[in-house]
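Based on the hints, put chain W in the right spot on chain Z.
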Amino acid sequence: MKKLAIPALLSLILAACSSTGPTDTAAQVEDRSGTGVATVTADSAAGSGIAALTDPNNILSKRSVFFDFDSYVIQPEAKPLIEAHARFLVQNPQMKMLIQGNTDERGSREYNLALGQKRADVVKQALLLLGARESQIESVSLGEEKPRCDAPTEACFAENRRGDMLYSGEF
Amino acid sequence: MTRTLTLFRFLLAIMLAGFALGARAQLSIEITGAGASRFPVIIPIFEHEGQLPNSVTDVVRADLDRSGLFSLVDLGPLALPESVMPDLPAMRGRGADAVLTGSVIAQGSGRYEVRFRLFDTQTQLELGAMALPMTAAQNRLVGHRIADFVYEKLTGQPGYFSTRIAYVVKSGPNFELQVADADGMNAATALRSREPIISPAWSPDGQRLAYVSFEQKKPIIYVHTLATGQRRVVSNFKGSNSAPTWSPDGSQLAVVLTKDGQSQLYVLNADGSGVRRLATSSGIDTEPFWGRDSNIYFTSDRGGSPQIYRISAGGGSAQRVTFDGNYNVSPRLSADGKLLAFITRNAGRFQVAVQDLASRQTTILTDSARDESPSFAPNGRMILYATESGGRGVLSAVSSDGRIKQRLTVKAADVREPAWGPQPRQ
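In the order they appear, the protein sequences are chains Z and W.
Position one of the first sequence corresponds to residue 247 (the working numbering), numbered consecutively onward.
Position one of the second sequence corresponds to residue 22 (the working numbering), numbered consecutively onward.
Isolated chain Z (complex conformation) (with noise of 0.2 Å):
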């Protein structure tokens, strides 16, 4: 499913592309040589940015948005990195995104479930203000349920306290 993915958008992009070329008759072979290239240079988009996404280098590759405990207010810190993923989603409008709120393990796990989902929201929020499409993204918490730091230290409580952004083939 998660190797899947990414090349059945990509399939998907070129079948649509390629539909388009029997469709036009006569003055096509200009025009089909330009949607050639339009679609490598969307196929070249996509796929710089999905090399973008996991290049270490570049900021793309982070994904998580951190809080402090009770809060789901963005820190200043997280602008760039929220700033760059609205980038990329408004240039890649077919790229989709899950945003996956998550809690540390202290208190109510219901109440950490609920705050959960604050956290996916505000980024998302954050996201569609900054240009982002509302069907591109949707926002889900896992509360205190999948901790991606298990001892009970301050340390991972805070790598907890985070919403993560995971694209199309990443969930």
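It cannot be assumed that every hint is accurate.
[Unchecked claim] Computed cross-link-like contacts, SDA-like style, restricted to lysine to any residue with a CA-CA straight-line distance of at most 20 Å:
id, chain 1, residue 1, chain 2, residue 2
1, W, 191, Z, 397
2, Z, 342, W, 239
3, W, 238, Z, 298
4, Z, 392, W, 356
5, W, 239, Z, 306
6, W, 238, Z, 384
7, Z, 392, W, 58
8, W, 191, Z, 396
9, W, 239, Z, 410
10, W, 191, Z, 296
11, W, 238, Z, 415
12, Z, 342, W, 413
13, Z, 392, W, 214
14, W, 238, Z, 417
15, Z, 392, W, 215
16, Z, 308, Z, 371
17, Z, 342, W, 238
18, W, 239, Z, 298
19, Z, 392, W, 238
20, Z, 325, Z, 351
21, W, 191, Z, 344
22, Z, 392, W, 426
23, Z, 392, W, 409
24, W, 259, Z, 414
25, Z, 392, Z, 416
26, Z, 308, W, 237
27, W, 191, Z, 393
28, W, 238, Z, 344
29, W, 259, Z, 393
30, Z, 342, Z, 298
31, Z, 392, W, 239
32, W, 426, W, 126
It is worth saying that the hints were derived from the structure and are not from the lab.
Computed from a predicted model, the values in this text were never measured in an experiment.
Frame of chain Z, contents of chain W only:
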């Protein structure tokens, strides 16, 4: 008598339904604090009990001892037949305030009758007598019933030894929703999953559990009939579906949904139909608890920090209930509607607290740091909750006056999300 038979049929139905009874690790209970003054009782071994493969008396003694309210005065191996008036002044001389006498009478075809009488050594009066039919396999069931009888006669409140508890065990990547007797015995697994299970809630008739399962990669609410294992999705709206609580008549559930935005309170019928919004707030509303006083108590951060509020089950405006501190969550109301148990953050520690709703007096009952999910025994005397010990989840119980403390543990597993079931049906 009919109650015992009904219970027996119910247990039999569970066994026939293929529950993995008893095979797994049991919860073991350790008393970590007792009442200041325990009521001294003599519970000699029941006459002719040796004909049973497993003792009834041991179950009665263990229940009463663990309750923290009674101390057992040892009489040695001497039996006091139910049909003979005991020497009450002599029993009083041994320091006992009450004496239980009993006999097991074989009735053929593997059936027995347990007859017992309770006496007050001070007034020299009989406090009551009963006869319960049983099979050899029912020693625990009957023992719990006798302990309930003694508890009620001596404290004036119903016992809770015949009740059951539900909880979630996490071992490695696996989650199990289990149901056990209140003493931790007879654990049975109702649901196994690779994804989290949270927030089990007993139906008022004790036959079903509502809970939240992440098995479809998002929180969805199920209602699960324990005897048959039949499950039904009752809430699977867009977004998250969580925190179920039953109406006192069992016909409805209050739940938390995010289908219209952030976490808000809704009410739906127990079959999942007829969803309607209960309240609207600008913040998080969650963890509803539907009290028998027809109020729904819930957690909300509408005032800036999570606090407990209540709203009429029919709707209307919400009133704030907790004011001390900046983190008060997980409200649970006692059956008599007088006490509210909840989790409070006190100097960075999460602890079980109770508020006397009439006087608004709040008392913190525990000195632990990671308490969650309080749940009252049906008689309101004990509160079961999840906490942490030695780096893993354990269940503990504390009396609502804070004096009696018990710990329930399953070896090598994380236990969480306890819910104390109702009194078994008569």
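Status of the hints after comparison with the structure:
| no. | hint | result |
| --- | --- | --- |
| 1 | W:191 to Z:397 | 16 Å, holds |
| 2 | Z:342 to W:239 | 18 Å, holds |
| 3 | W:238 to Z:298 | 28 Å, violated |
| 4 | Z:392 to W:356 | 34 Å, violated |
| 5 | W:239 to Z:306 | 26 Å, violated |
| 6 | W:238 to Z:384 | 14 Å, holds |
| 7 | Z:392 to W:58 | 45 Å, violated |
| 8 | W:191 to Z:396 | 14 Å, holds |
| 9 | W:239 to Z:410 | 16 Å, holds |
| 10 | W:191 to Z:296 | 37 Å, violated |
| 11 | W:238 to Z:415 | 15 Å, holds |
| 12 | Z:342 to W:413 | 38 Å, violated |
| 13 | Z:392 to W:214 | 14 Å, holds |
| 14 | W:238 to Z:417 | 10 Å, holds |
| 15 | Z:392 to W:215 | 12 Å, holds |
| 16 | Z:308 to Z:371 | 19 Å, holds |
| 17 | Z:342 to W:238 | 18 Å, holds |
| 18 | W:239 to Z:298 | 29 Å, violated |
| 19 | Z:392 to W:238 | 11 Å, holds |
| 20 | Z:325 to Z:351 | 26 Å, violated |
| 21 | W:191 to Z:344 | 27 Å, violated |
| 22 | Z:392 to W:426 | 31 Å, violated |
| 23 | Z:392 to W:409 | 18 Å, holds |
| 24 | W:259 to Z:414 | 19 Å, holds |
| 25 | Z:392 to Z:416 | 16 Å, holds |
| 26 | Z:308 to W:237 | 27 Å, violated |
| 27 | W:191 to Z:393 | 14 Å, holds |
| 28 | W:238 to Z:344 | 13 Å, holds |
| 29 | W:259 to Z:393 | 23 Å, violated |
| 30 | Z:342 to Z:298 | 15 Å, holds |
| 31 | Z:392 to W:239 | 12 Å, holds |
| 32 | W:426 to W:126 | 37 Å, violated |
Figure legend: structure checked against the earlier numbered hints; hints not met, in rising order: 3, 4, 5, 7, 10, 12, 18, 20, 21, 22, 26, 29, 32.
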